Each structure stands twice: as C-alpha cells, then as structure tokens.
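As a plain string of letters, each chain reads:
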Amino acid sequence: MRNPLSPAALLEDASESSYVRSLVVGTVGVLAVLGVLGLAFPASVAGDLAGIVFSTSTAKSTARLAAPIVLAGLGGIFAEKSGVINIGLEGLLIISAFVSVYAASVVGVGNAVLGVPALGIAFLAGIAASTFLAAVFAVVCIEFKADQIIAGLAVWLIALGLAPFMSTVFFGGVNTPNLGVSVGWKYSATMVVLATLGSWWLLNRTAFGKHLRAAGENPKALDTVGVSVSKVRYAGVLLSGVLSGVGGSALALSIGQFVGSGETMVQGKGFIAIVAYLFGNYNPLGTLGAGVLFAGLDAMQIRLQQLGYAVPDTLVQTIPYVVVIVVLALVGRTQIPEAAGEHYETEE
Amino acid sequence: MSDSDPDADGDPSVFARVVAPFVDRSVAERLVISVAAIFLSILVGFALVLVSGRIAECSTAAWTMPITGLGFCYNPFEVYVVLFNGALGYPFAVGDPGLFNPGWTPFNLSFGLTLSETTLLIFTGLSVAVAFRAGLFNIGTQGQLVVGALATALTVLALAPLLPAGPVAGLVLIVVGTAAGAVGGGVWGAIPGALKAYADANEVITTIMLNFVAANVAYVLVLEVFRAEGSSVVATRYVPEYAQFPSVLFPPSTDFALIALLVGVAFIGALYYFVEHTSLGYDLRTSGVQAAAAEYGGVNAKLTTVRAMTLSGALGGIGGSVWVLMSEGRWMASVPDLGFDGITVSILAGNNPLGVLPAAFLFGILKGGALEIGFRTDVPTELVAVLRGLIILFVAMPEFFRMIGRYAGVGGAGGASDAGGSGSADPDESAGGDGGEADA
Chain A
23 MRNPLSPAAL LEDASESSYV RSLVVGTVGV LAVLGVLGLA FPASVAGDLA
73 GIVFSTSTAK STARLAAPIV LAGLGGIFAE KSGVINIGLE GLLIISAFVS
123 VYAASVVGVG NAVLGVPALG IAFLAGIAAS TFLAAVFAVV CIEFKADQII
173 AGLAVWLIAL GLAPFMSTVF FGGVNTPNLG VSVGWKYSAT MVVLATLGSW
223 WLLNRTAFGK HLRAAGENPK ALDTVGVSVS KVRYAGVLLS GVLSGVGGSA
273 LALSIGQFVG SGETMVQGKG FIAIVAYLFG NYNPLGTLGA GVLFAGLDAM
323 QIRLQQLGYA VPDTLVQTIP YVVVIVVLAL VGRTQIPEAA GEHYETEE
Chain F
68 MSDSDPDADG DPSVFARVVA PFVDRSVAER LVISVAAIFL SILVGFALVL
118 VSGRIAECST AAWTMPITGL GFCYNPFEVY VVLFNGALGY PFAVGDPGLF
168 NPGWTPFNLS FGLTLSETTL LIFTGLSVAV AFRAGLFNIG TQGQLVVGAL
218 ATALTVLALA PLLPAGPVAG LVLIVVGTAA GAVGGGVWGA IPGALKAYAD
268 ANEVITTIML NFVAANVAYV LVLEVFRAEG SSVVATRYVP EYAQFPSVLF
318 PPSTDFALIA LLVGVAFIGA LYYFVEHTSL GYDLRTSGVQ AAAAEYGGVN
368 AKLTTVRAMT LSGALGGIGG SVWVLMSEGR WMASVPDLGF DGITVSILAG
418 NNPLGVLPAA FLFGILKGGA LEIGFRTDVP TELVAVLRGL IILFVAMPEF
468 FRMIGRYAGV GGAGGASDAG GSGSADPDES AGGDGGEADA
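Quick note, the sequences are listed as chains A and F, same order.
FYI, my numbering numbers position 270 of the first sequence as 292, with every residue one higher than the one before it.
FYI, my numbering numbers position 146 of the second sequence as 213, with every residue one higher than the one before it.
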C-alpha cells in the first residue's frame, strides 16, 4: 500500500530542530491527509472535498473543535516539561465541561453577577474546577510520590464518574439540558491563539520557563541554584489545570450542554491533546498545528456527513488515532524530559 | 495443586531465596494499602453522598443528621448497606430481629450478577497484571477485549451452521470461540508490544489509541457488514444457545455461569504458576524489575516485551470471549468498561495474579451493588464509578499511608522496631500502623 504521508521526509527534519519539525509535521500532515482522501475518492468527490476544506463553515468548526485539544495540549506541555506526566487531561476537560455548564445554568444565561455575564462566570467556574482537580493530582504526585501514570488515570476515572454523577444529582440525568447558548468560534480561535503564543513566550522567553524546563530535565541543578523543584512542578501542573479548564469550558459552552453518557462529550479529546503535544514535540506552535490538524479532520468528517456521503463517521474519527500510532512508530520516543515521571527528593 | 506453596519446588535459585522475603513483605504492604484505600474511598464516597444529598431536591428527607437536624435527600448509610448487602442478594436482615435473612440462598439473581462481573474482571485484571509484571502499562485491555469479543462472536457464528446442534457442538464452539478471542486479543496486544520493543513507542499512548481504534473499527465492521438483520442496535446475531456457557444453579437471567468462574480461577492458578515458577515468567519479572540487568543476564528484552503484551492481550481477548459467550450472547457496540475496571483490579491486587481474585470479587460487588442502588435508592449509580477512580487514586499513593502509619506508630501500640524508624519507610512498620488505621 502506498503511503502518501511520506514519513521519511518528516523524519529527516525531525532530528534537526523541534520548531521546524513541528511546522513540517503540521503542514505536511494536512496535505498528506488531503492526498489520502483525494486518492480514496473519485474525482467528483474530490471537488466537494476541496470545497469542504476551504469552506468557512469547516474553518469555523475546526476552530471550535481545536480549542479543547490545543488548550489541554498546552497544559500538558507545562506539566510534563516540569517533570510531571499528566495523562489526566481528559479528566480535567470533563470536569470543567460539566462545571461550566452547571455554573451557567445557576446564574441563568443572560444574567450577570457583579457585572460579570453568565458565560464569564461559567468559564471561571470551569477553570476553577479543573484547577482544583489538577491541584489534587499535584499533591498526590509531588507530596505523596504517587506513580504519575496511575494517578493521572485516577483523575480521568474520577471525572468520568463524578461529572455524570453530579449531572444526575442536579438535573436528573447524565446529560444536562441544553442552555441554548453557543460561544462563537471567534472566541475559541482567539483563546487558542493567545494561549499558544502566551505559552510559547512563557516557556522560551522567561525565567519561569527556564526553571520549568530545568525541573523536568535536571531537577538537581535547579535545586542547587536554590529554586524549589516541587514549587515549580506545582506551578506546571496547576497551569495544565487552568488551560484544560479553558478548553473544557469552551467545548461545553460552544454547544451549551454537557453530555455525560458513554465517554462523555469529551470523547478522548484529552488523550488526543497528549498526542498533539507529543506530535508537536513539546512546542506550543507544533501543538497548535497538530491540534488544528486533528480538529480539521473531525470538522471535515462532519461536513461530509452533511453533504450526504455515506462515510461512517466513526471510521473518519479513527484517522487521528491511527496517524498517531504510525507517527509514534516511525519517530519512536519523543524527546521526553529527562526526569519526567520521576520523583525528586530535596537534598539537605 | 502445588500452586499454593511458593516454596522451592520449581526453580530453587539463589535469586528466589534472596528476593522472597522482600516480595512477601511488599505483598503484605500492598494488601494493607489496598484495604486502607478502599476504606478511604468509601469514606470520601460517604461525604460525597452527604453533600449531594444536601444539594439535591426532594420532598421528604431520606435521612436526618442527628444533633444538627439537617435533612438530606440521600441516606449515606443506606447506600452502603444496599451496595454490599444487595450485591449478595440481601443475606443480612438489616433492622429486623436476627442478623441473617432466613430465606436467603446464595443462588439468587443479585449474587449471580455480582459473580458474573467478578468472572469478567478476573480476565481483564489478569491481563493488566501480566503486562505490569513485565514493567509494561497496558491501558489497552479494553481494546483487546473488544477485538477478542468480536473474533469470538464471528467465529462461533461462522462455525455453528457447520456442526449439528447439541452439547458436543456447544463445547467445540465454546473452546474454538475462546481460542479465537485469545488470538484476536493477542494480536491486538502484540501491536503495541512490537511498537514498544522495536520502535520505542510509548505503550501507554499506543494502547490508549488502539482502544479507540478497536472500538471504532469494530463498530463500523458490525454496522456495515455483520449487523443482525432487523436489529435496532449495532450488534451481531446471537450465537446459538447451546454455544453459550450454561448457567447451572443460578437463574439464567443472571448471565452467570459457574463454569466460566472456575475457568477464571484456573487461569489465576496457571498464571501464578507461570509468573512465579517458569523460566519465561522469570524473564518477564526480571525485565519488569530491572530491564538492563535482565538483558545482561541473557534475556531477550525485546522479545519478552512482545510476549508479555501478547499474553496480556490474549487474556483481555478471552475476557471478551466470556463476555460474548456468557453474558451478552452476541457482540454489541456498547461494550462495558471491563478493561478499565481491570486496571483497578490489577492495581488493587498489587499486580499479583493471586490477588486478582479478591480484587475482582470486591469490584464485582461494587458493580452488582450499583444495580441495587439504582433500584432501591435515589442515589445516582455513577457513584460506583467515582469510587473506582478514588480507589485507584488512593492505591497510587502508598507514601500517604506510610505517613499515616508513621504517625500511628509513634502514638499507638506498635513501635516494635524502633531502630531505623525515622528514616526511609520500613515496610513492616508502616504496614502494622496502616493495619490499625484501616480497622478503626
């Protein structure tokens, strides 16, 4: 079988610089997937396909769908760069998605508290919930030296149970009623771009970023300089909570409802987020590229359904996962921070 | 059975004798931590029920707190009584004179459901445990189960018309179907194993991804190709009744077969023997503990990784077979979270095959009891999913319990070994302290 992804080309750049690689992966990836689809469909469909790719509605839904992936992915970078692998991003997205919808319903859409409109309150509540859960995770991992993978798994499973539980308590079912609001795609796009640029600047241009990277690569050196490794790690994990909170709230509020059945409305976006930052090699810009790529695929799939093509949507949804496996197989171990996953004991 | 005595009958290596006391001690410690974790998560769950009972709206309070006079919509005591008592089919007559319910028999519907869950969780728990012993984190048991279940259903459906209906054909179909499930799950597990061994791809990520791929691809396959005619849900046809595990003693509606449970228990014994007493199992364990040392000792680490993941996947696949041939009778799209529960079971069991039995039983009770909670109380059954997460969280932080143990050791009755107590945690001492804490 021919593979137009031409991973060899990706590989050559990969070793050079993470920045170049991220951009290459992003753009080549988009084009390659287009190529795959172009080959897979007859010429008549290809026309439609091009129309879909360059249509504004696809761009809008891409912007919406990218928000939870990119924002949680950026959060994942901060946590992992500091030396804490956070595979609980999915859980953080779930909890913030639910809490934001709940808060909006309590305030009442259209109402305001102390001049802050309901949707603003909803965002803040979602961020607070996600940050709180991230804080619990941080304490468990940093203070009590838990295995980060297991604790992250616990965060996911707790949220997976807790959000539908609370939804049933408050609304009598695992799905909340629809609030009839929809945060526009422009807000999502703005948040994503600002967060990406902000994260890049924070990581690469500030002392905090330097400390963060040191905490993940060489905690002992950081300790020697007199900076508390655990404080830096707390900051990294809490930032992952804040960013995931924005992402989860944006996801739920763009629809106006929390869906808690099955794997909830988050549907593995937290795991895709992990993949996005691995794909982007821990670079916020690369994460943006990968996140937009995955979201774009999803958006195109939705459009294809609307145009009446009988493409089983679940099959299209599978593409990002398969792409991830293929890329991981070719690139292998990403440049994971040296001390990620390890506990650090301050020497006295 | 010689499985039960771990003493040197198989390989009397020096290594085993040196390591034995350490292993035993850590087993005891894991046991105490598991019990304490369950206790703590029940405590947190209690608080959760209380708080949500205060928030939820109802006409009459289900429970009124003494002294304060506050009314709560949910009764937290009732929740746990219903959970544990109900899962067993109400053997205890709570509130009535006499502790035991005289009309109780073990072969009731609720207990059957509990044992049915237990049986399934034994396989997924073993699946995760085997990978873990080799130092691999298999989050993909869910996907391996989905693939195995589909392989089983399709194989049995394809073969059934070729054989004359009857108990003999049933036995053949069950055996062949389960083998197909093992192969399906094994192949699905071998993929991340090979990727890990030969491409250095992180198995945590690849197994999670393969879960989604398995669920989606199986869904589309059944939707487009294998869907039963006239079925309103995405599901295959039912496999013939005679090709399903027969339910003996328990009511057929429990979807439980004692034979399947016995097979599960046999697997536990076999796996324990394999891990502890065979050279392949030894390779597996040493790769898990010290990959570099294992390699130096002549173990082919890459091959061991692939083997361990294949075995793990095969066990997950057999779990899928049992799900099809015992519980569901067909493959259907809404596969329960058995793989993820298997992670909890394995972690709770300290990744020891022998520990999987009690852990799976405990989880069977939680899941069986959840149904009872749904029937008898207003409390959302998702509570049990929260408990699952909490248990994992608490088991993940042994240091927390060691700290409690140290506190209890200082103040309490313990303090037998005071020589090196203050420094790094002495497992014996902390275990003693924790035990006291868990009983309190």
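Calculated from the structure, these hints are not laboratory results.
Source: prediction; values computed, not measured.
Glycine included, C-beta positions come from ideal geometry on N, C-alpha and C.
Keep in mind that the hints are not guaranteed to be accurate.
[Claimed, not checked] Cβ-Cβ distance ranges computed for the label pairs, FRET-style: (1) Val-243(F) <-> Gly-195(A): 56 to 62 Å; (2) Leu-352(A) <-> Leu-370(F): 43 to 49 Å; (3) Glu-124(F) <-> Glu-285(A): 27 to 33 Å.
[As the list claims (entries may be wrong)] Partial selection, computed: residues in chain F whose CB lies under 10 Å from chain A: (4) Ile-206; (5) Glu-296; (6) Val-300; (7) Pro-465.
[To be verified] Sample of chain F residues with no beta-carbon within 10 Å of chain A, all distances over it, derived: (8) Val-148; (9) Ser-177; (10) Leu-277; (11) Thr-353; (12) Thr-411; (13) Leu-457; (14) Arg-473.
Outcome of the hint check:
no.	hint	verdict
1	Val-243(F) <-> Gly-195(A): 56 to 62 Å	43 Å, violated
2	Leu-352(A) <-> Leu-370(F): 43 to 49 Å	22 Å, violated
3	Glu-124(F) <-> Glu-285(A): 27 to 33 Å	29 Å, holds
4	Ile-206	7 Å, holds
5	Glu-296	19 Å, violated
6	Val-300	14 Å, violated
7	Pro-465	8 Å, holds
8	Val-148	19 Å, holds
9	Ser-177	22 Å, holds
10	Leu-277	7 Å, violated
11	Thr-353	20 Å, holds
12	Thr-411	8 Å, violated
13	Leu-457	6 Å, violated
14	Arg-473	13 Å, holds
In summary, the numbered hints that this structure violates are 1, 2, 5, 6, 10, 12, 13.
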